[in-house]
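Student: Residue numbers (our numbering), protein chains in the order written: chain A, 527 to 702; chain B, 527 to 702; chain C, 163 to 664; chain D, 163 to 664.
No lab work stands behind these hints: they were computed from the structure. You may find that some hints are simply not true.
[Said to hold, decoys possible] Chain C stretches covered by chain B per the calculated footprint, using a threshold of three residues with CB under 8 Å from any CB of chain B:
hint, region
1, 284-293
2, 538-544
3, 598-608
[As the list claims (entries may be wrong)] Subject to a maximum C-alpha distance of 30 Å in a straight line, what follows is the list of computed DSBU-like cross-link-like pairs (lysine-lysine):
hint, chain 1, residue 1, chain 2, residue 2
4, D, Lys-165, C, Lys-597
5, D, Lys-164, A, Lys-545
6, D, Lys-232, D, Lys-286
7, C, Lys-164, D, Lys-588
[To be verified] Some chain A residues well away from chain C (every beta-carbon gap over 12 Å; in silico):
hint, residue
8, Glu-580
9, Asp-653
10, Thr-654
Just so we're clear, the structure is a prediction, and the values are computed from it rather than from any experiment. By construction, the Cβ of each residue, glycine as well, lies at the ideal position given by its N, Cα and C atoms.
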Amino acid sequence: MTYEIAVGDRIRTVSVVRKGAVLHVTLDGQTHVVDARRVSESAMSLLVQNGKGEAPVQSIDAAFAARPTAGDFDVYLAGRSLAVQVRQAGTFGRQKKDGAGAHGSGPQRVLAPMPGKIVRVLVKAGDTVKARQGLVVVEAMKMENELRAARDGRVREVQVGEGQSVDAGAVLLVVE
Amino acid sequence: MTYEIAVGDRIRTVSVVRKGAVLHVTLDGQTHVVDARRVSESAMSLLVQNGKGEAPVQSIDAAFAARPTAGDFDVYLAGRSLAVQVRQAGTFGRQKKDGAGAHGSGPQRVLAPMPGKIVRVLVKAGDTVKARQGLVVVEAMKMENELRAARDGRVREVQVGEGQSVDAGAVLLVVE
Amino acid sequence: MKKILIANRGEIAVRVIRACRDMGIGTVAVYSECDRAALHVRLADEAWPVGPSAPRESYLCIDKIIDVAKQSGADAVHPGYGFLAENEDFAAACRDAGLIFIGPSPEAITLMGSKTAARQAAIKAGVSVVPGTDEPLSDQTSDADVLAVAERIGYPLMLKAVAGGGGKGMRMVAAPADLPGALRAARSEALSAFGDGAVYLERRIMAPRHIEIQLLGDHHGTVLPFVERECSIQRRHQKVVEESPSLAVSTDLRRRMTSAAAAVARGVGYTNAGTIEFLLDADGSFYFLEMNTRLQVEHPITEMVTGVDLVQWQIRIARGEKLTLDAESLLTPKAHAIECRIYAEDPENGFMPSPGRIQGLRVPQGPGVRDDSGAYEGGEVPIFYDPMISKLITWGDDRDHALQRMRRALAEYEVRGIRTTIPFFKWILDDEDFKAGRFDTSFIDRKLGGNGSQLQAIEPAHEDLAALAAAVHVFTRPARRTSDATPPPSRWKDAGRAEALR
Amino acid sequence: MKKILIANRGEIAVRVIRACRDMGIGTVAVYSECDRAALHVRLADEAWPVGPSAPRESYLCIDKIIDVAKQSGADAVHPGYGFLAENEDFAAACRDAGLIFIGPSPEAITLMGSKTAARQAAIKAGVSVVPGTDEPLSDQTSDADVLAVAERIGYPLMLKAVAGGGGKGMRMVAAPADLPGALRAARSEALSAFGDGAVYLERRIMAPRHIEIQLLGDHHGTVLPFVERECSIQRRHQKVVEESPSLAVSTDLRRRMTSAAAAVARGVGYTNAGTIEFLLDADGSFYFLEMNTRLQVEHPITEMVTGVDLVQWQIRIARGEKLTLDAESLLTPKAHAIECRIYAEDPENGFMPSPGRIQGLRVPQGPGVRDDSGAYEGGEVPIFYDPMISKLITWGDDRDHALQRMRRALAEYEVRGIRTTIPFFKWILDDEDFKAGRFDTSFIDRKLGGNGSQLQAIEPAHEDLAALAAAVHVFTRPARRTSDATPPPSRWKDAGRAEALR
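Okay, chain A solo, but in the shape it has when bound (with noise of 0.2 Å):
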């Protein structure tokens, strides 16, 4: 079976084969022999083959929490978390033509992260922002929360006024 797999700023391609008890996972050409163990709907004990050994002795204790889209994760290592998009062979490529998934490029829909209310709009349809600049503060959990631009381009639509209480996942505003 092999995979497409999205972690940080790369997309590897990774391939699983079961080899008798164990399986044998090839990432970017190389192939590591792993003894897995499920030691939980959601938690893998995994012996993994180091480098120089041949015996998979490196212990790793993986745990993963299922995000909304099927096939992404967030994987637990150690007391670090990384999301991660496992997709069959090929998808990624695919996204990209048509321009969405997580490496696409399309126009970028603000929604509101979890219901609350609009403190301030911070620019109107028209203006161009820039990468990481501040477009609306929403007020949640007693703080106030600034959604930022995830790149350059310019505000097409504002869907919201100050004031306004918003649900989780409403339009607030478009940049294309």
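Fit chains B, C and D to the supplied structure of chain A, relying on the hints for placement.
Tutor: Below, chains B, C and D without anything else, positioned relative to chain A:
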């Protein structure tokens, strides 16, 4: 819904009826209003009406572990653990008649509690035994464990010999 | 005292319940709609509903809570911190209802609750304060007037809510031009957080440390100070890492700061637990900042270095007991302790709050580790309240030992399903300046440079491992959709965030 | 020291791994077939298989373990306790392989490992011993000869395995008639447990307390004793509850016992961690019982009352560091601590072992609580090893505080799917004699009267609540069979037990 529930030496009749957001649980003729929330597949937070007041405010944090027989549970309450058997109304009555079940009185088949080695057999066929008298000693988990008679009776047959290895559930001897 | 009502929620309610258990005292929890299955409800002896999820309609409703206290037959009330903990009306309402309020007198709360009055009290006790306005500036005060006052104090300066606390309604102002905007923001925040838009100005001490002194005062005239807490590691003026003792405080300085703190408390006849916060200047001079008339979030580090259970002593003092603790030993740390506040925030997305269902939880265990938490596996972190879900405390022979144990504990700690600040603390603990104790209150903002981007610097090796693990997980996962492969509804809010901040 | 192999499993392996983490030292775990997914494997940096589940084929295989140590590039080995911890051949094999054995020298293990030689060492150090045989009685010795020796010592007497420990191969003999049977049992147990059937006889001290002294010795001639541990609460000669300090030990007695212990250790040039066990007579005289040349299960209570991390010091001593601890403070308890050993045994069924899958686990948290565990939710407790799954430790200002916290912690502790001794400890902690400190080593056997029946005395009110909760659980349970409504195969063994002991 009405259940017969065996806990300790007594069988209680308990009926549960949903009344809007709460449950009405009748136990030994007394009805308690219960606000029940499931906090996991096997744990519940119960707010129970305590005698005097009308509002269900007594907080009971109850957890459950399934036992091999369907309807049997260990119930965990504030560090206590109680073995409970839940049955359809009438079940225990029937069981009594045919002499089986938790409170039956038929012949006692003494089974190996776990894989282990028979260290000593303390009785032979035909011996009369008293309740709690030692019958056979099994070694497991680095400890010698004595299996005792549940009540007075006579040893009908001994099916193992000293030094023999036995699997969990193996019949060791029968007392009648 | 037979039964105590805890007028709070989450981890601090759980903390107080445990203290009551340790004293054989009954506990009454209160809960809002979204907290019906919260841990404090599950662990208490009784739990009473007090209304809808919004704090104003439940945990901040004095009448409802007093009413529950009476109905339940509680004879005392512990306010925890936050919510009504520093509300003099609540303390008075308890007293009027014949309930023992486990905290200072309403008068003390009123006095020290006003930042400006508190400054007066400090000055009266001979303790120096940061130069600033002595009178509150109501939200009627014109920008012009405020600018005039600011001129006298000098820039850069701090703009603070008179009723403030926890960094809310607080802004740093570098130059006159920034004042009007900051003023507007501070007032709106203060108004929504405390229902009072009044602010005041203070000169900004450059590169100060935030050092605070825990105090206990009984009803027999005794006030005892404890070894200091170092609370300079802050984000948005919110403490995130605290330790005790402080590397910056010598035995001599400790004597001076603790006696100054005790003097202020004695001056106002303070009782029960309280904390006096100081700014410690680079030159070793210190200024009274404010007094918190309640238990502090970071109280456990003081407990671990002195062996004193502060919540238990709050209760003993409230029921009239004499402070029998040895004053000397309270100033002699028996260990070094550190606390990390675990927040339901995403450090890699500008610390955006991350409420939702906790799909999985592994709490660190073993020697020198304490976790005061309000979370459990399967539990919800609601959107309505402060996002702190747990306080992780470690201690050891010395600072290095405590830090090593914290690294170990953070590595064992897993909170799955929501994003937390756990990775953020790993990053702080590995920072060379932090390890060397070279920091002041601007540490985090300086390091983060306004955004969390540095945090994303994870070695490719870990990305490879994550990719490998994820592949194996998907490859070996049982065919049927498992409970946590199906995202709970609440997770959808992350989709919004992920997209908004992509 | 860069990398340590832990030649053990379960909670003690996890404990050692945590100590290594706290020192930045790499860890190598070893595991048998049934332990592949055990917690010590999951938490270690590396994990190497050492064979089938039976101890003799894995954890007791010196060659395999030395081989793994070499292959993995470990430079030291920590044996934990049990298995090879007191095996001089293993200590020697490590030395021969150029590995640092984190423990005493093979010579010290050999000497103090022989109960009879140890008695000689104690006598040489001027410490009195319990009257008994000075020479081992090999399993060739005839019953008649043993009876003759017994006559000289007098009844009642204790029959003990020369290679013994942990109560294995130990029997109390009240009268000559019982000797042959007891001899047979003790020899068979000793043979299977230690591969050596030799035994010896000791006069039985009536109603003694079991008091032990923890020691650390470095390689520079320093031996330091610690405040005593009270270990009289035993079942089948196995400690189940330990506390420190002991109510029966005055400051003066502490001085005498600790110096006696240190004298014995110095006399044999003892290094690293060790413990000397004494019987304390009602009249205040104490007798050397034996020395354990390893870390003890109950070491955490000493850590909590002195603030010293004993495992970390074992490592520091092994790498040649000097003992820099303050001798005086080690004899001055800073708190009172208590430990309950959580066993996978069913206290209501004659403490029958209860291996199997842990369906659910809730570990107590909060102030003054430490849980050193090898268990996790979903994990298996195998049938092959000691049934102890966790050590629960609490501490507080005084004994009552520590006991209250233990009650609280036990109430929070849930281990579901297997039976554990948690309810048993609740019962002990509520016993009037225990609360008053009125007990000796016969406490539990006297209270239980040979069977656990007393334990079943649960108030009807709790039975009602259990019935109510179970009814609600069944009534509201989702229709589909949930993972833990379906019993895992391993649970079937309980069916046997339930029936056998009904």
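Student: Each hint should be assessed against the structure and marked as holding or not.
Tutor: Consistency of the hints with the structure:
1. 284-293: Since three or more residues must qualify, the claim that chain B covers the region 284-293 of chain C is violated, with 0 doing so at under 8 Å.
2. 538-544: With 4 residues closer than 8 Å to chain B, the region 538-544 of chain C meets the three-residue bar; holds.
3. 598-608: Since 0 is below three, the answer is violated.
4. D:Lys-165 - C:Lys-597: Distance of about 24 Å is within 30 Å: holds.
5. D:Lys-164 - A:Lys-545: violated, 34 Å
6. D:Lys-232 - D:Lys-286: violated, 40 Å
7. C:Lys-164 - D:Lys-588: holds, 22 Å
8. Glu-580: holds, 17 Å
9. Asp-653: holds, 17 Å
10. Thr-654: At about 18 Å from chain C, Thr-654 of chain A clears the 12 Å cut-off, so the statement holds.
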